[in-house]
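So the sequence lines, in the order shown, correspond to chains H and G. Heads up: the first sequence at position 203 corresponds to 548 in the numbering used here, and the numbers run straight through without jumps. Heads up: the second sequence at position 141 corresponds to 167 in the numbering used here, and the numbers run straight through without jumps.
To be clear, the hints were calculated from the coordinates, so they are not data collected in a lab. Treat the hints with care, as some may be off.
Which stretches of chain G does chain H cover? Using the computed rule of at least three CB atoms under 8 Å from a CB of chain H, they are [as the list claims (entries may be wrong)]:
| hint | segment |
| --- | --- |
| 1 | 113 to 126 |
| 2 | 138 to 144 |
| 3 | 202 to 215 |
| 4 | 307 to 320 |
| 5 | 337 to 350 |
Just so it is clear, the structure is predicted and the values come from calculations on it, not from any experiment. For every residue, glycine included, the Cβ atom is placed at its ideal position computed from N, Cα and C.
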Amino acid sequence: MKVRVEGLKFSYGAFSLRVPSLAFAEGRVAALVGPNGAGKSTFLKCLASVLPPGRGTVFFDGHDVAGIAGRERARLVGYVPQEPGLTFNYSVLDFVLTGRAAFIPIFSSPARRDDEAAREALRFVGLEDFGPRPVFELSSGERRLVLIARTLAQQSAVLLLDEPTTFLDPRHETEVMELVKRLAVETGKTVVVSLHALDMALKFADDMVFMKRGAVVAAGRPDDILDEALLRSVYDIPMGLRDVDGRRIVVR
Amino acid sequence: MSGRRDRRTTVLSVLAVGLPLVLSLVALNVGAYRIPPKAVFTTVAEAVFPGGDGPGPSPYADILFRVRLPRLLLALFAGAALAVSGASLQALFRNPLVFEFSLGISNGAAFGAALSIVFLGRGFPPQPAAFVFALLAVLLVVAIAGRSASQVVTILLGGVIVSALFQALLSLVEVFANPYALQSLVFWLMGSLGQATWSDLAVTLPVIGVGVAVLILMRWRLNVLSLGEEEARSLGLDTTRDKIAVIALAALVTAAATAVMGVVSWVGLIVPHLVRMAVGADNRKVVPLSAGYGAALLLLADTVARGAAPFEIPVGILTSVVGIPFFIVLLKKSGRIWL
Numbered sequence: 346m347k348v349r350v351e352g353l354k355f356s357y358g359a360f361s362l363r364v365p366s367l368a369f370a371e372g373r374v375a376a377l378v379g380p381n382g383a384g385k386s387t388f389l390k391c392l393a394s395v396l397p398p399g400r401g402t403v404f405f406d407g408h409d410v411a412g413i414a415g416r417e418r419a420r421l422v423g424y425v426p427q428e429p430g431l432t433f434n435y436s437v438l439d440f441v442l443t444g445r446a447a448f449i450p451i452f453s454s455p456a457r458r459d460d461e462a463a464r465e466a467l468r469f470v471g472l473e474d475f476g477p478r479p480v481f482e483l484s485s486g487e488r489r490l491v492l493i494a495r496t497l498a499q500q501s502a503v504l505l506l507d508e509p510t511t512f513l514d515p516r517h518e519t520e521v522m523e524l525v526k527r528l529a530v531e532t533g534k535t536v537v538v539s540l541h542a543l544d545m546a547l548k549f550a551d552d553m554v555f556m557k558r559g560a561v562v563a564a565g566r567p568d569d570i571l572d573e574a575l576l577r578s579v580y581d582i583p584m585g586l587r588d589v590d591g592r593r594i595v596v597r
Numbered sequence: 027m028s029g030r031r032d033r034r035t036t037v038l039s040v041l042a043v044g045l046p047l048v049l050s051l052v053a054l055n056v057g058a059y060r061i062p063p064k065a066v067f068t069t070v071a072e073a074v075f076p077g078g079d080g081p082g083p084s085p086y087a088d089i090l091f092r093v094r095l096p097r098l099l100l101a102l103f104a105g106a107a108l109a110v111s112g113a114s115l116q117a118l119f120r121n122p123l124v125f126e127f128s129l130g131i132s133n134g135a136a137f138g139a140a141l142s143i144v145f146l147g148r149g150f151p152p153q154p155a156a157f158v159f160a161l162l163a164v165l166l167v168v169a170i171a172g173r174s175a176s177q178v179v180t181i182l183l184g185g186v187i188v189s190a191l192f193q194a195l196l197s198l199v200e201v202f203a204n205p206y207a208l209q210s211l212v213f214w215l216m217g218s219l220g221q222a223t224w225s226d227l228a229v230t231l232p233v234i235g236v237g238v239a240v241l242i243l244m245r246w247r248l249n250v251l252s253l254g255e256e257e258a259r260s261l262g263l264d265t266t267r268d269k270i271a272v273i274a275l276a277a278l279v280t281a282a283a284t285a286v287m288g289v290v291s292w293v294g295l296i297v298p299h300l301v302r303m304a305v306g307a308d309n310r311k312v313v314p315l316s317a318g319y320g321a322a323l324l325l326l327a328d329t330v331a332r333g334a335a336p337f338e339i340p341v342g343i344l345t346s347v348v349g350i351p352f353f354i355v356l357l358k359k360s361g362r363i364w365l
């Protein structure tokens with residue numbers, strides 16, 4: 346599903362996000378990068394309508410998201426927050442099942458097919474045996490995977506992930522990013538992921554969006570837009586680009 | 027592990043229905059005038075199938091049907107109402123320490139009912155005024171807590187403020203009440219099921235029945251709402267509508283119970299916590315089981331209040347006196363608040 350952004354503006358306090366024009370294509374991973382406070386999370390929340398993006402600014406396959414009701418919207422776009430909002434110690438399966446909310450009327454409970462969708466999602470992220478485990482006992486890497494599984498159970502065509510690798514060790518960081526890539530390649534989803542790790546973005550993203558102070562500085566294929574001047578202007582520190590074994594890596 | 031928990035859930039589900047039934051039979055023969063179990067049975071049988079070969083109308087019929095039965099039904103329904111609204115509010119506010127009482131709903135309802143009794147008379151049903159002020163109380167708390175409504179401390183602080191406000195207003199009503207009304211008002215406020223009449227119950231029981239049934243139907247939705255506003259919205263919920271529905275229903279059933287029996291607290295905190303300790307956090311189990319165990323707990327408390335001493339202890343005092351130390355032990359034992 347194609348996602349198009351036109352003249353998106355969102356502000357709170359002194360911060361304002363401005364995205365004049367941007368598009369995300371299906372089957373591709375787009376990485377949002379930029380320093381803290383650049384507006385990556387706010388942008389993702391606007392795309393997910395967690396924050397109201399305003400009429401005529403975000404389109405899914407040409408349909409204005411402002412005109413789509415909550416339940417239908419949740420079937421189009423799934424949002425993975427940085428940390429789950431957990432107050433109660435649900436089992437992993439019960440937590441993943443909440444991803445089915447858009448399919449279940451207000452006075453109903455999950456049916457067998459919802460259970461199956463949740464188990465299938467857990468299988469996809471490699472945690473098929475985790476169903477009965479309490480979520481409070483998961484490691485932070487497992488929690489990220491369970492969050493992703495929850496959004497997979499939602500079966501949306503667009504997937505937005507807010508810094509899914511923060512605080513993870515290199516192995517789990519790589520595993521999560523491989524999973525994210527697999528979602529775009531194998532299931533054809535449109536994936537937008539905000540990242541701090543530039544090496545992960547370079548390795549796994551098909552497109553990159555550089556953001557700073559609420560504005561998009563550059564967007565496109567890494568090969569087309571990435572150079573040392575861009576990195577320096579976005580992050581305000583000298584950063585170098587090197588080619589090693591045919592791959593570009595960032596040094597600082 | 028999952029199998030053992032499933033079996034435990036089954037046993038607890040059976041008990042949630044069985045316990046209130048068994049307690050009901052006990053409650054019917056306990057009281058100032060003790061009625062033997064056999065007489066309870068024959069009297070009930072005579073009432074259900076009149077004109078049998080029995081000895082004619084039982085001498086116990088008056089006590090059973092005019093005094094004990096309404097009281098028993100009120101205990102069952104009110105217990106279920108308090109426990110279910112407690113469980114629902116805890117999920118909705120993502121806060122294991124909120125319940126009707128800590129959100130000011132109970133005192134709001136009590137003020138509304140007292141206002142109605144003193145100024146509109148005993149003939150006018152006190153439930154509508156109780157509901158209006160119960161809702162007003164919880165909305166005030168939400169407004170005071172503002173955007174940090176999920177934060178444990180702010181919402182409790184808001185509850186304390188609003189409870190204090192309605193407590194003060196209640197005292198004001200007492201000042202205006204005439205001496206005869208005052209005595210029954212004070213006894214009612216301590217929390218007592220003894221004044222329940224069929225005409226009170228005609229309003230309260232259907233309201234609680236419908237309210238609790240709808241909250242039980244929404245039990246899984248509460249799992250989703252307990253993830254917080256942003257996540258619930260991204261999962262496709264109309265969070266504003268759902269929140270209003272849960273708050274209104276919780277206020278409604280609490281008001282319906284409080285209007286008739288006064289302030290009975292702690293049931294809404296203790297029962298959902300005990301249920302969560304036994305079966306886990308899934309509201310698909312917690313909410314319906316809370317209904318059964320809330321009903322059983324309040325009936326048990328009321329039966330003890332009637333049967334333990336030669337005089338009657340207001341059940342609200344009993345639930346507080348027993349409930350608070352019990353809860354403290356619970357906290358100490360588990361080492362943390364049970365989520």
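For each hint, the structure was consulted:
no.	hint	result
1	113 to 126	holds (count 4)
2	138 to 144	violated (count 0)
3	202 to 215	violated (count 0)
4	307 to 320	holds (count 3)
5	337 to 350	violated (count 0)
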